[in-house]
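Position chain B relative to chain A; hints supplied.
Sequence order for the protein chains is A and B. Sequential numbering of the first sequence, starting at 1, is according to the numbering used here. Sequential numbering of the second sequence, starting at 1001, is according to the numbering used here.
Mixed in with the good hints there might be a few duds.
To be verified - Here are the simulated SDA-like pairs of lysine to any residue, each with C-alpha atoms no more than 25 Å apart in a straight line:
hint: 1; chain 1: B; residue 1: Lys1413; chain 2: A; residue 2: Gln44
hint: 2; chain 1: A; residue 1: Lys179; chain 2: A; residue 2: Thr132
hint: 3; chain 1: B; residue 1: Lys1353; chain 2: A; residue 2: Tyr90
hint: 4; chain 1: B; residue 1: Lys1353; chain 2: A; residue 2: Ala101
hint: 5; chain 1: B; residue 1: Lys1481; chain 2: A; residue 2: Pro56
hint: 6; chain 1: A; residue 1: Lys64; chain 2: A; residue 2: Trp84
hint: 7; chain 1: B; residue 1: Lys1172; chain 2: B; residue 2: Thr1204
hint: 8; chain 1: A; residue 1: Lys64; chain 2: B; residue 2: Phe1468
hint: 9; chain 1: B; residue 1: Lys1413; chain 2: A; residue 2: Gly99
hint: 10; chain 1: A; residue 1: Lys64; chain 2: B; residue 2: Leu1500
hint: 11; chain 1: B; residue 1: Lys1467; chain 2: A; residue 2: Gln44
hint: 12; chain 1: B; residue 1: Lys1483; chain 2: B; residue 2: Gly1437
hint: 13; chain 1: B; residue 1: Lys1413; chain 2: B; residue 2: Trp1533
hint: 14; chain 1: B; residue 1: Lys1467; chain 2: A; residue 2: Pro56
hint: 15; chain 1: A; residue 1: Lys64; chain 2: B; residue 2: Asp1446
hint: 16; chain 1: B; residue 1: Lys1284; chain 2: B; residue 2: Val1270
hint: 17; chain 1: B; residue 1: Lys1634; chain 2: B; residue 2: Asn1233
hint: 18; chain 1: B; residue 1: Lys1172; chain 2: B; residue 2: Glu1253
hint: 19; chain 1: A; residue 1: Lys115; chain 2: A; residue 2: Thr132
hint: 20; chain 1: B; residue 1: Lys1396; chain 2: B; residue 2: Thr1381
hint: 21; chain 1: A; residue 1: Lys115; chain 2: A; residue 2: Leu129
hint: 22; chain 1: A; residue 1: Lys64; chain 2: B; residue 2: Pro1414
hint: 23; chain 1: B; residue 1: Lys1413; chain 2: A; residue 2: Arg36
hint: 24; chain 1: A; residue 1: Lys64; chain 2: A; residue 2: Ile118
hint: 25; chain 1: B; residue 1: Lys1483; chain 2: A; residue 2: Pro56
hint: 26; chain 1: A; residue 1: Lys179; chain 2: A; residue 2: Asp82
hint: 27; chain 1: A; residue 1: Lys64; chain 2: B; residue 2: Asn1475
hint: 28; chain 1: A; residue 1: Lys171; chain 2: A; residue 2: Pro156
hint: 29; chain 1: B; residue 1: Lys1413; chain 2: A; residue 2: Thr93
hint: 30; chain 1: B; residue 1: Lys1413; chain 2: A; residue 2: Ile38
hint: 31; chain 1: B; residue 1: Lys1310; chain 2: B; residue 2: Pro1276
hint: 32; chain 1: B; residue 1: Lys1413; chain 2: A; residue 2: Ala101
hint: 33; chain 1: B; residue 1: Lys1522; chain 2: B; residue 2: Tyr1415
These are calculated hints, taken from the structure and not from any lab test.
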Amino acid sequence: MAKGYNDPAMETRFQDRYYHSADNPEFTKEVERISRTIAHMCFQCGTCTGSCPSAPRSSYRIRKFVRRAVMGLEREALTDPDLWLCTTCYSCTDRCPRGIAPTDIIMAMRNLAFKWDIIPRNFLKTVQLIYTTGHGVPNNDVNRAARVKLGLEAEPETTHKYPEYIPGIQKIIDHYKMKENADRILAEGEH
Amino acid sequence: MAEEKKQPRIGVFVCHCGTNIAGSIDVKAVQEYARTLPGVIVADDYQYMCSTPGQTKIDNAIKENDLTGVVVAACSPRLHEPTFRTATKEGGLNPFRFEMANIREQDAWVHMHDNAGATAKAKDAIRIAVAKAALLEDLYPKSVPVEHAAMVVGAGVGGIQAALDLANAGIKTYLIDKLPTVGGRMSQLDKTFPTLDCSQCILTPKMVDVGRHPNIDLRTYTEVEAVEGYIGNFDITLRKKARGVLTPTEATEKGIVGGGCNGCGDCDAVCPVIKPNPFELGMKPRKAIYIYHPQVTPLIYTVDFDSCIKCGLCVEACGEKKAIDLDMADAFETVKVGTVILATGYDIFPIEKKREWGYKQFDNVITSLEFERLICASGPTGGHLIRPSDGQTPKKVAFVLCAGSRDNTGVGKPYCSRFCCMYSLKHAHQMMEKIPGCQPYIFYMDIRSFGKQYEEFYYRIQDEGAKFIRGRVANILEDAKTKDLHVYAEDTLLGQPVDLTVDLVVLAAAIEPTQGIDPVRKMFGVSCSQDGWMLEAHPKLNPCGTTTAGVFLAGVCQGPKDIPDTVAQAEGAASAASIPIHMGKVELEPYFAQCIEEKCAGCGMCVNLCPYSALALVEKDGKQVMQVTEAKCKGCGTCGGFCPGGAIYMQHFTTPQIVAQIDAFLLGGEE
Chain A
1 MAKGYNDPAM
11 ETRFQDRYYH
21 SADNPEFTKE
31 VERISRTIAH
41 MCFQCGTCTG
51 SCPSAPRSSY
61 RIRKFVRRAV
71 MGLEREALTD
81 PDLWLCTTCY
91 SCTDRCPRGI
101 APTDIIMAMR
111 NLAFKWDIIP
121 RNFLKTVQLI
131 YTTGHGVPNN
141 DVNRAARVKL
151 GLEAEPETTH
161 KYPEYIPGIQ
171 KIIDHYKMKE
181 NADRILAEGE
191 H
Chain B
1001 MAEEKKQPRI
1011 GVFVCHCGTN
1021 IAGSIDVKAV
1031 QEYARTLPGV
1041 IVADDYQYMC
1051 STPGQTKIDN
1061 AIKENDLTGV
1071 VVAACSPRLH
1081 EPTFRTATKE
1091 GGLNPFRFEM
1101 ANIREQDAWV
1111 HMHDNAGATA
1121 KAKDAIRIAV
1131 AKAALLEDLY
1141 PKSVPVEHAA
1151 MVVGAGVGGI
1161 QAALDLANAG
1171 IKTYLIDKLP
1181 TVGGRMSQLD
1191 KTFPTLDCSQ
1201 CILTPKMVDV
1211 GRHPNIDLRT
1221 YTEVEAVEGY
1231 IGNFDITLRK
1241 KARGVLTPTE
1251 ATEKGIVGGG
1261 CNGCGDCDAV
1271 CPVIKPNPFE
1281 LGMKPRKAIY
1291 IYHPQVTPLI
1301 YTVDFDSCIK
1311 CGLCVEACGE
1321 KKAIDLDMAD
1331 AFETVKVGTV
1341 ILATGYDIFP
1351 IEKKREWGYK
1361 QFDNVITSLE
1371 FERLICASGP
1381 TGGHLIRPSD
1391 GQTPKKVAFV
1401 LCAGSRDNTG
1411 VGKPYCSRFC
1421 CMYSLKHAHQ
1431 MMEKIPGCQP
1441 YIFYMDIRSF
1451 GKQYEEFYYR
1461 IQDEGAKFIR
1471 GRVANILEDA
1481 KTKDLHVYAE
1491 DTLLGQPVDL
1501 TVDLVVLAAA
1511 IEPTQGIDPV
1521 RKMFGVSCSQ
1531 DGWMLEAHPK
1541 LNPCGTTTAG
1551 VFLAGVCQGP
1561 KDIPDTVAQA
1571 EGAASAASIP
1581 IHMGKVELEP
1591 YFAQCIEEKC
1601 AGCGMCVNLC
1611 PYSALALVEK
1621 DGKQVMQVTE
1631 AKCKGCGTCG
1641 GFCPGGAIYM
1651 QHFTTPQIVA
1661 QIDAFLLGGE
1671 E
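Pulled out of the complex, with its shape left as it was, chain A reads as follows (with noise of 0.2 Å):
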């Protein structure tokens, strides 16, 4: 799902920008049950935000998405493309004043979104790229050879070096229905 900012006609502009009640009061609890953190309990001091190193570099407001949680604006937070802007470098979690995991907000909120099939095309290419390979980020050329150069050998002593353990990595993944449903998304994607 790419993000695009395309001017979109002045209707939308000015369009009722209210918001009237939670669109979903179980929103809250159901984020809380899955982040276990409190998310009740901020009180929207901006450290997050102030921590974040997404922060300056995009729209990506964690703590609109905090306040959005306690609000049950369900909708608001899981079709907003920032969502997906998040490092989890976990600043924000280390530095809030109220205790809250605010990056774990954020993960609860993504794995509620993947319910709703909405996921960037990024983060699903992931996905098949562990389920063949057992990495997220598999090993190339270049870094073969840097390896070489440092003395190591070619492949590190993961997936790449044993592949007879991958299928049981694909049997995790199958499980969770997880590559069937980012080849089926990927796929309608492409109409």
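Just chain B now, with coordinates in the frame of chain A:
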């Protein structure tokens, strides 16, 4: 205690407490049930038993039915036991013939959604109370005389005010402080919000007053060593720390005519030892013989024996006054007082623990207290605000509010430190006043300007040009070359990350209880709340008292407070502490242990067990028996529970009374 044995005749009164009790308990059913209990002559109920008509019901019932005991089923005895005891007394009974059953806090409120269960529990509670009421005896409170003197521990503005009030009320008052001077934190401040009057200027008159008040015995450089006794009769041992310098009075006592320290400072000039000055937070040097700050009371020099090399130059310089004694040792004295006020203040939270703000890593990150000294005309820079790294005048300054306050991470304090918002506004004003073209930035979560004229002060500082950024500072980094600081936060009102480059950062650090105060607190038997501050008897209705009778609290030691609140609480504490002294005696609840001498074997085991040192073995009629000092006994029952011979009788909690209560609970009940 000797009384005619009469069949118990008990009256039971069930309170509705509006809907507090009646909302979850069937009061009528409970009242009907009470009527069936053995010994109960009359059972009644009322909307509010504590009201005048409610009390009159008790009064009349005693007279009409010749009752021997009264049971009220209502709230916690902490609230209304005194009320109903008085009503019992009005009816002509001994007030200790009253027993309370708590069916509100321990029943109605905790079983709000279980009517049947709550009603059954109320019946149990009343049955148990009736069983005890049948065995209650007449008791007579003991009164003990109160020493006509008080002590105030800590001589900051709170302690000073409390001591002045007590002294002006004609009470001899010992005012002690661990430092060589009175004044406390307030003497370190430059100006005070919102009036901007100079802190020292309004404090020094009071400092002078405590120094020369005939009723105040001022003991500086003195600490509490030990506390014994109880309300009215505290024996407090003071450690007078060796200050190495004689006052004129002490010199005269030693036969040195016209000698003693006159504060001339000749010693200071010759002392070769240079150490950081703690009053200036290490930003100025201090000699090993020093005065704490220029306006000390009393004006007496002090030797810092931790750094003194005993070269003797000061002794020479002092000459004929012979004020300096480098061999002085700590001295101890025990004084007797009736009541005590603790006013032990606060320390700054070590904000370097919050690594992300760089205090003690970066030169130009300072605390607000350091800012106070730097902006103060009598401070280390003569009132010129400078950047510690290069001595330049800062133009852009960031103030970081809630630095370590409102922080639930475990590193920091969960509470609001309450005065940081206001002094940071004041700091912004002070720098705008002194530095033309400067720009203060205040990073805040909420501006808490709750006091009188405080919101108006906020308005004024905003009007003067301070910029407010609503966002808690996430991180501070230093430019290694310029020593400028990058302040990272989110401007939450714009939803935009901020990277602000400033010359100086001022952290409004959280406050915490004075370091090392816990032993003192424990000596006086005062508890602390979860956050470490001393615990008041009741947060709303008894904010100056503690659970130790005769010990009161003033100022920040009880929780963060600004100067007006501290002074107000100090006056409250002084008033409360003066009451027992003016009454001349206090009544103690007669819950004393009593020794049944015929049964006592004189083993003495109880003497060591007693946590209040209230027991002793004495010789009586040729044998050793235990004796109770009633005024010291708190009726805890430790001795009574232990005594192998059953020779200790706990008044109002006798073994037969407690057994009757247990029996009533186990054997009784409707089904």
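Those earlier numbered hints the structure runs against, lowest number first: none
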